[in-house]
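Enquirer: Please build the complete structure, drawing on both the sequences and the hints.
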Amino acid sequence: MGLESPPTTSSAASKWLGFVTAVWVQSISGNNYTFSNYSDALKTLMSLTQLQLNNLSVAKDVGKAFGLLAGIASDRLPTSVILLIGSIEGLIGYGAQWLVVSKRIQPLPYWQMCVFLCMGGNSTTWMNTAVLVTCIRNFRRNRGPVSGILKGYVGLSTAIFTDICTALFAGDPSKFLFMLGVVPFVVCLTAVFFLREIPPATTVAEEKDETKYFTVMNAIAVVVAVYLLCYDFVKTAGDAVSVAFTAVLLVLLASPLLIPFYSYLKTRDSSRLKPDVEGQIVEPLLNPETAAVKTTVTATEVTAEPPDTAEKVKSRPVIGEDHTIFEAMRTVDFWILFLSFLCGVGTGMAVMNNMGQMGLALGYVDVSTFVSLMSIFGFFGRIISGSVSEHFLKKAGTPRPLWNAASQILMAVGYMLLALAAPGSLYIGSIIVGLCYGVRLAVTVPTASELFGLKYYGLIYNILILNLPLGSFLFSGLLAGYLYDAQATPTTGGGNTCVGAHCYRLVFTIMAICKEQPEKPLYNGGILKHEAPENLISIADSSTGFYSPAFVLHNLTQGTIYCFSVWVKIQGAYSAHIQASLKTEDATYNCIGTVLANHGCWSFLKGGFVLDSPAKLSFLLFENSDYRDINIAIDSASLQPFTDQEWRFNQQYIINNERKRAVTIHVADGNGDRLLGASIAIEQVSKDFPFGSAISKTILGNSLYQKWFVERFNVAVFENELKWYVTEPEPGKLNYTLADKMLEFLRANQIIARGHNIFWEDPKYTPAWVRYLSGPELQAAVNSRIQSLMSKYKEEFIHWDVSNEMLHFDFYEQRLGPNATLHFYETAHALDPLATLFMNEFNVVETCSDVNSTVDSYISRLQELKRGGVSMDGIGLEGHFTVPNLPLMRAVLDKLATLGLPIWLTEVDISSTLDKKTQAVYLDQVLREGFSHPSVNGILLWTALHPNGCYQMCLTDNNLQNLPAGDVVDNKLFKEWQTGEVNGHTDDHGSYSFYGFLGEYRVTVKYGNKTSNSTFSLCRSDETKHVSIRL
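Sequential numbering of the sequence shown, starting at 1, is according to UniProt numbering.
For the record, the hints were derived by calculation from the structure and aren't laboratory data.
One thing to keep in mind: the hints can contain errors.
Cross-link-like lysine to aspartate or glutamate pairs, in silico, DMTMM-like; alpha carbons within 25 Å at most [as the list claims (entries may be wrong)]:
hint : residue 1 : residue 2
1    : K687      : D1022
2    : K917      : E929
3    : K697      : E795
4    : K707      : E683
5    : K792      : E826
6    : K972      : D915
7    : K660      : D915
8    : K764      : E813
9    : K707      : E744
10   : K972      : D1022
11   : K895      : D873
12   : K975      : E683
13   : K916      : D967
14   : K660      : E646
15   : K895      : E683
Taking CB as the label site, the calculated pair distances span [to be verified]:
hint : residue 1 : residue 2 : range
16   : H1026     : V243      : 50 to 60 Å
17   : F649      : E730      : 49 to 59 Å
18   : Y547      : E730      : 51 to 61 Å
19   : T913      : G559      : 39 to 49 Å
20   : Y995      : W111      : 17 to 27 Å
21   : H989      : P107      : 11 to 21 Å
22   : D322      : N937      : 48 to 58 Å
23   : N598      : Y547      : 13 to 23 Å
In this text, all values refer to a predicted model and were calculated from it rather than measured experimentally.
Just so it is clear, CB atoms sit at the ideal spot from N, CA and C, and this is done for glycine as well.
Expert: Put into structure tokens, the structure is as follows:
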């Protein structure tokens, strides 16, 4: 980097003085890892979701991607210039963030904050590149210790900043950001005068001195780390103590100056007493004149040789020689190093970026302790691995990549501990992850220089560092943010929050294998956290005499929505369906939640209830549904009440985020100049969300019914007309006439259709002639059925219910063997690969009293089929409700959503045993709960109209006049879930913004005597849709 300084008697002292200033630079350039200390302030001030916040943190890491500039500059610019660039950029980047957090200015737009975080992140790459490249070139034979110490202080810098800020400013995030901007700037200005390239050691004595000095530097670094660690565990209030802590810390950071001072004294004394101690001759061997003559003669001799006596062949460098970046990237070693580094630092960054929210989610008030723990033990990982790997490399030839592999395995153990969220595991997990993260950083630095040489090391190092933003985006921005938001509860001012171990459990379960242990209770236990221990009792069943655990509850209120959860463990059986029920003075709620619990591990049971009348005394019981005598242990129980208003607020928040999108329309004239005051009229012409109903043959020829249907619905399903007993009432007599006509009607009106169904497992709905076929005859019949149906309607139906209600019935598997269902799905997929194949079932979301179709039974059967190779990508929940249990419905949908498959409510209705007004009330609840769940991709009602009524619930009478349930549907489709008429004018920038439901839109723009009609569509996205119109 720049030019080497000529050797002098004080070069060793100058080299060590430069190394000390490099340590100072590294002590203040690890600010990228301090995001957790002020992230919550940004989240609150800017009203961000966790996904938005995590993507904001990725912006600072993206700055590291531009570290390539620092890498390229490292071979062209002197160290001082590179340090100046980094310090000025950091001052601007963190200064802008300080202005926002200190409320000196209004929160900046999201994209501008991303730019300033990016600048802050990029500033560290200039500092790190200047320091690492210069020092590794100065100390080439001690690359491990150099990397360990310098990278160690980078990790330690987070703790230095955090602890000083906590001691002096009580952790104030605005003062913290002020320090991040100013301190690195001042330190880099100091380093500019001392840090430069100096020739490396050339004698054995110098190498021995270097080893000795590095040992001292390691010792000082360890003392600093231990001092910070002690402070983290014994924090004491008081101004005097805080000032004393800071003063001692600054003295410790300044203490390495003793090494260059000692080196200078030693060099001076040696030069006086032993000027030629090792036989080195300092006088020139040739005088200038002789040298000039010799050079001339040599040059003449070379040029006099015949030009064809030798042929130069450029060979590819071997490992250890200098590689250009392109030569390095053509080696397998480079990509192995790159990808392994991605996994290590990417998952580590996910923990670091989210440590603040993790601590808050688990109820810790002071999250700075965890941030400091990761920083300090990250330091130990760096400094120890640097020296230890160097020792084993020299003594035993142990390759450095071995340390990378070992640290990644240990890091997975840390993720397991974080996922468990057991008492103390957050402390231990953060220590382990920090330690291993430090190893990955420290070992990779010298490994890269040893593999690909030092000539282009600055650029190669910065290409490897690209893994920091890339890994942060993949594991933190996408994975952690999405899973946190999926568990979070919206706040009234925008954004969201999440409390409980569940907030991050899925993140670490994915990054490592999760060992099942009970987590902390949701909502910190809710109202159960105030219950006395004696309120957890055992109750004997009057019929069996078996004892079951139960909570004694007091003063539950009518109409309140109660969500409960508990961790369950069983003994005495391999597995069992554990069912929660509620008994009050006046009623028994037989099933309000269930889980399939397995022996030897903890299973999560979640559900809820709504009381019809208040209860002074109630019992929440947990029983084995098949009445076997087993031991049931429960832990981490929670019961959280919600008012109807709170529940509705949460639903509407999700609807606004999942079913709507921001739009900005820009209007300009023919020259591209924006037009102020242009008139805007916007109309939604179609909806993106599939909402429909079943139809039957009664719609054919009934123009009024057809008009009513087309005005409301964009998807349909045939009630009976595709079922086998209709299309083939007698063997070999196929009749698709009704289905063809109904499909023609849907095509003409651009309404999509679901295929229901190919086979029905209930023998009652199997054609009579099929029930009595022999095995071979039945096999031939089913083959003919599926071939005929799927070939005729290939690509006509978006979905197919292949084997209907297989959890309750198994007619075909009983007759054709256990692989019959697999064969049905495989054949259906082969005949119509574009159709999504569904598993359609009742009593999964409606109730948990049906042991055949609990949510765990559904998941188990679906996974069994997928393991058999079935291409089944849709979850069909019929939704034939009597009295909906909304918290249970949400718990079921949440659990099914973890499968990552689209969920459809396929046959929604409310029991005819209820009066029509009550049907309407319950239908409103079910539709709102379904529409507000992000994983529900469509809703179909089972309301096909017949002269004698409907299956259970009608929307209209025979004259197509709305019944109460029809009013609910119309209110949803034409008011609540549709963008109303939007009119306005463009602003000073020629723009007009609004927020609309997903779907197709028509926009009319008028300005003067000019009019423009345009269309645009809204699909799911977090980004604002921009529509440009020219008049």
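Enquirer: Look at each hint and say if it fits the structure.
Expert: Against the structure, the hints:
1. K687 - D1022: OK: K687 and D1022 at ~18 Å, within 25 Å.
2. K917 - E929: At roughly 19 Å apart (the allowed maximum being 25 Å), E929 and K917 satisfy the hint.
3. K697 - E795: Within the cut-off at roughly 22 Å; holds.
4. K707 - E683: Roughly 20 Å between the alpha carbons, so the hint for K707 and E683 holds.
5. K792 - E826: Answer holds: K792 to E826 is near 17 Å, not above 25 Å.
6. K972 - D915: 21 Å, holds
7. K660 - D915: 34 Å, violated
8. K764 - E813: The hint holds at about 15 Å.
9. K707 - E744: Holds. K707 to E744 sits at ~15 Å (cutoff 25 Å).
10. K972 - D1022: 24 Å, holds
11. K895 - D873: Holds - the C-alpha atoms of D873 and K895 are around 16 Å apart, at most 25 Å.
12. K975 - E683: 13 Å, holds
13. K916 - D967: 11 Å, holds
14. K660 - E646: Status holds; Cα separation ~21 Å.
15. K895 - E683: The hint is violated at about 37 Å.
16. H1026 - V243: 50 to 60 Å: The hint (50 to 60 Å, Cβ to Cβ) holds, given that H1026 and V243 are roughly 54 Å apart.
17. F649 - E730: 49 to 59 Å: For E730 against F649, whose Cβ atoms are near 57 Å apart, the range 49 to 59 Å holds.
18. Y547 - E730: 51 to 61 Å: 58 Å, holds
19. T913 - G559: 39 to 49 Å: 22 Å, violated
20. Y995 - W111: 17 to 27 Å: 19 Å, holds
21. H989 - P107: 11 to 21 Å: 20 Å, holds
22. D322 - N937: 48 to 58 Å: 56 Å Cβ-Cβ, so the 48 to 58 Å window holds.
23. N598 - Y547: 13 to 23 Å: 21 Å, holds
Hint check: violations occur at hints 7, 15, 19; the rest are consistent with the structure.
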